[in-house]
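Peer 1: Chains as they are written, first to last, in our numbering: chain A, 1 to 95; chain B, 101 to 195.
Worth double-checking, as some hints may not be accurate.
If we take Cβ atoms under 7 Å as the criterion, some of the chain B residues that face chain A in the derived model are [claimed, not checked]:
1) Glu136
2) Phe153
3) Leu166
4) Val169
Keep in mind that the hints were calculated from the coordinates and are not lab data.
Even glycine gets a Cβ: it sits at the ideal position worked out from N, Cα and C.
Number of protein chains: 2
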Amino acid sequence: MEISDLQASLRQTYVERDAKRGRDATFRWLTEEVGELARALRTGDEDNLVHEFGDVFAWLASLANLTGVSLEDAVARYARGCPRCGASPCACDFR
Amino acid sequence: MEISDLQASLRQTYVERDAKRGRDATFRWLTEEVGELARALRTGDEDNLVHEFGDVFAWLASLANLTGVSLEDAVARYARGCPRCGASPCACDFR
Numbered sequence: 001m002e003i004s005d006l007q008a009s010l011r012q013t014y015v016e017r018d019a020k021r022g023r024d025a026t027f028r029w030l031t032e033e034v035g036e037l038a039r040a041l042r043t044g045d046e047d048n049l050v051h052e053f054g055d056v057f058a059w060l061a062s063l064a065n066l067t068g069v070s071l072e073d074a075v076a077r078y079a080r081g082c083p084r085c086g087a088s089p090c091a092c093d094f095r
Numbered sequence: 101m102e103i104s105d106l107q108a109s110l111r112q113t114y115v116e117r118d119a120k121r122g123r124d125a126t127f128r129w130l131t132e133e134v135g136e137l138a139r140a141l142r143t144g145d146e147d148n149l150v151h152e153f154g155d156v157f158a159w160l161a162s163l164a165n166l167t168g169v170s171l172e173d174a175v176a177r178y179a180r181g182c183p184r185c186g187a188s189p190c191a192c193d194f195r
């Protein structure tokens, strides 16, 4: 699935609701889902973990739709190795 | 760009470092980037906003790589309308 197609699908499904809710409340939803992802990592329920990754991704896309950002463009600098050192595997100092 | 290709590229570039760092520290990095996204929303710097969306996406993919989750599979239920009501635009009660 193309990143841009996924974002477009979420736009069609949710952008009116996202706009009505607004940026700040949509960001709050994103962080709520990040919290649920944290819990899924702790409990180790595989299905729930997959579910929460999907929710974080979807809310990130909703927030991108609200702010006019293309997730595909945003992540493009990671598509061919490390954007900092240019290597793959990354050869930067470990962090 | 395919979601799976992006995740594979990030795996090749970072998975050894991600594994060395571990799940919890990688999750911490994800939340740090979510915080930077919050600041970018506040300051309104467009280039920085795009940058931070990319960073959140990349760290989410790193965490998915560490936990063996396919982001493409995880988000698939959002590819054709709302997974709750089945409609697009979504017809669920507004939240």
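Peer 1: Would you list, in rising numerical order, the hints stated earlier that this structure does not obey?
Peer 2: 1, 3
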